[in-house]
Amino acid sequence: GGIITQTPKFLIGQEGQKLTLKCQQNFNHDTMYWYRQDSGKGLRLIYYSITENDLQKGDLSEGYDASREKKSSFSLTVTSAQKNEMAVFLCASNGGRQDTQYFGPGTRLLVL
Amino acid sequence: GDSVTQTEGQVTVSESKSLIINCTYSTTSIAYPNLFWYVRYPGEGLQLLLKVITAGQKGSSRGFEATYNKETTSFHLQKASVQESDSAVYYCALGDETGGYKVVFGSGTRLLVSP
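For the protein sequence lines, the chains are A and B, in the order given. Numbered according to the working numbering, the first sequence spans residues 3 to 114. Numbered according to the working numbering, the second sequence spans residues 150 to 264.
This is chain A alone, in the form it adopts within the complex (with noise of 0.2 Å):
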């Protein structure tokens, strides 16, 4: 087995801030992704990366970087916060294609 951890799993910040969300899983799997969920909705791709140093855009990439420093690591930076922006988003990673994904806690986001 292996485990997904995200920190901070609670982060407040100021509009207009950058803010960094970090990722890392024990899977050893090459794949890891970034959703976005708004409360009582569904989840929401931001970026994926196929393999370390990859990078590919969701559907809602615009106002998200993302970086795959290592296999293990995956860290979304949100560039620019918005006020009243309150999301949880979600870490995952899978061994490739269409394979069931491990999600991990989340980080729930508030934007002052």
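Because the hints were derived from the structure by calculation, they are not lab data. Among the hints, a few may not be true.
Simulated DEER-style distance windows between Cβ atoms [claimed, not checked]:
| no. | chain 1 | residue 1 | chain 2 | residue 2 | range |
| --- | --- | --- | --- | --- | --- |
| 1 | B | PRO191 | A | GLY3 | 17 to 23 Å |
| 2 | B | GLU233 | A | GLY18 | 41 to 47 Å |
| 3 | B | SER152 | A | SER69 | 27 to 33 Å |
Note that the coordinates shown come from a computational prediction; the quantities given were computed from them, not determined experimentally. Think of the CB as a built atom: it goes at the ideal place given N, C-alpha and C, for glycine as much as any other residue.
Given the coordinates of chain A, assemble chain B onto it according to the supplied hints.
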């Protein structure tokens, strides 16, 4: 693009009664993508409940079943007798057959099981 529709935002069922959570999908792929049900129990992370990769096949887990129906493009989740511990949010999802890496999620259905 591809999409997944879950029509019920919340379903309330009495314990020991049967359950159906509806899921339909739309895909531009000529092949048959993988279909998934994920679940989030209170206080826990999102996890796979079941997965079916072949059209016409049925998947099952923890007493839940779902059949991949390519004619009706549906993947409804069913259980014959629910328990209070089944209370959770259930998400239907569709694998992206074109690129292979993306997954499209439905909006989720919250199941409340009353004693």
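Against the structure, the hints come out as follows:
no.	hint	verdict
1	B:PRO191 / A:GLY3: 17 to 23 Å	holds, 22 Å
2	B:GLU233 / A:GLY18: 41 to 47 Å	holds, 46 Å
3	B:SER152 / A:SER69: 27 to 33 Å	holds, 30 Å
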